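Undergrad: Keeping their order, the protein sequence lines are chains Y and L. Residues in the first sequence are numbered consecutively from 2, following my numbering. Residues in the second sequence are numbered consecutively from 8, following my numbering.
Do not rely on the hints blindly, as some may be mistaken.
Straight-line C-alpha distance at most 30 Å; calculated DSSO-like pairs for lysine-lysine [said to hold, decoys possible]:
hint, chain 1, residue 1, chain 2, residue 2
1, L, 45, L, 11
2, L, 53, Y, 20
3, Y, 369, Y, 20
4, L, 149, L, 53
5, L, 149, L, 11
6, L, 11, Y, 20
7, L, 53, Y, 369
8, L, 45, Y, 369
9, L, 11, L, 53
I should point out that these hints are in silico values taken from the structure, not numbers from a laboratory. Predicted, not measured: the structure shown is a model, and the values here were computed from it.
Below, each chain spelled out in residue letters.
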Amino acid sequence: MSLQPNDRVERVPESGIRKFFELAEERDDVISLGVGEPDFSAPWAARTAAIHSLEKGRTSYTSNRGMAELRRLIGDHVSQWGLEYDPESDILVTTGASEAVDLALRTFVEAGDRVAVHEPTYISYVPGIKIAGGDPLSVPTHADNDFVLTPESLAAAGAADADVLVLCYPNNPTGAVMSRDEVAAVAEFCVDNDVSVIADEIYAALTYDGEHTSIATMPGMRERTIVINGFSKAYAMTGLRLGYALGPTDAIDAMNRVHQYTMLSAPTTAQYAAIEALRSCEETVTEMATEYNRRRRFVLSRFEEMGLDCFTARGAFYAFPECGGDDEAFAEALLEAEGVAVVPGRVFGPGGEGHLRVSYATSMRELKIAMNRIERFLETREPSGNFAETR
Amino acid sequence: MSTKRELLSLLSTDARESREDIARQLGVDIDTVDELLKELEADTVKGYQAVIDWDNVDEQRVAAFVELNVELDRETGYEEIADRIARFPAVQSLRLVSGDYDFAIEVTGDSMQDVSRFISEQVAPIPEVTQTVTHFIMETYKQGGIDFGDRDSDDRLSVSP
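Same shape as in the complex, but just chain Y:
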């Protein structure tokens, strides 16, 4: 066959989330707690700015790095986390944070490099590492340590020999966050072992009960870290595809070299929406975060009442309870019996088994119904928690 995918692509399996998507799509009575994006729409002011830009005919490319005004506003915005980057040279606007992750991997990973990833984590990193020619090195995190990454677990997994670490906190799928001290300990490990970091901080604005800490603010880390963020989660703009990367001037120059030949520039309409989002939508973001936090407390307290072990997730919009058995069988049986879709934890890598990713990015009304259904499901299942017969 002439169109034979290359070895790097051959190494990438199809996403395990696909199967659940298809199962859920078969029914029309499903309440989905399986969605990895906000249930809100983008703030109205951002949407009208996008519409206005189209009316004025602003449909051409922008500069490779993104519109100067947008980069200036991003520079101001990230200073809330103590991040200082020059909009002229240290910020690159990308087509979603996903492009930034891909760019960073393709720019900084040499063929055969070892790239450490804490797992369970977002499903795109390992395939991205493989496509970039690197060798993924899984570093497990555990529920009994609130899914936090530690220098001990890094060392035990052999990450002292890694070239790059992909860090994602607040985390998808666990909802875990890392405290300042915990981030500092990982930073020290990276400095000591000369490991670079790609820090995906897309959920930074959705940190509850505390402040987000960026690893790039730790001593010795700025020069070895690419910080990635975007508008999808905090501003509910997933479909507009807009993210950004922050890093030392040379590193951003290098990423821009790949970006300018592959993407040219991020979507122009989305950039206009993002400018308005940063100018005037901070209050909307706070309101959305307040709402997520209420739902988070609600879901965690309902899980506790029904006896489902769940560590206290403090970020993003996910809870990651233990299901007391085979997560895939549990998720399938729950969907079958009660019409509630969740994602089995194993989809997010080793360490996810036995857990469920429960997204609370859905209305309070639906969450209440879904929690009642899960409770009923738990009451009627076998005490052994065995679902083998339903598979």
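Since the structure of chain Y is already known, use the hints to place chain L on it.
TA: Leaving out everything else, chain L in the frame of chain Y:
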């Protein structure tokens, strides 16, 4: 945000939340919710009402906004005038506003004639009232923060990473 403030914000979105669900969402126990509700109902929370789209109710109902200009004198202030107007059950809301007129009131009745008669026979004759301008409400699109139109439908993929 303090728990008390957050309770207010929750109630202003949905006042029919059960005490149990309020406790779960605020991360406090039910006793705390009861205590806060008691405090709030003593001074801050004046009542609980449904937001109704009267167009879907099979009966005649007319509402109007009325601008009211008044003239104060030594014995009569805004408070006294407001007190006289607020006592009519037809008056749904009454506010002192800045701008070209003094009071903005919302009045309801069974018909346009009913509302007009109320204004001309009950409100206009009040000695301090110098002028009224009545705007009948023709259509309500949003009230109390609730959009009466079709909500944004959820077109997200049912399962996504």
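Undergrad: Compare the structure with the hints numbered earlier in the document and write down the numbers of the violated ones, lowest to highest.
TA: 2, 6
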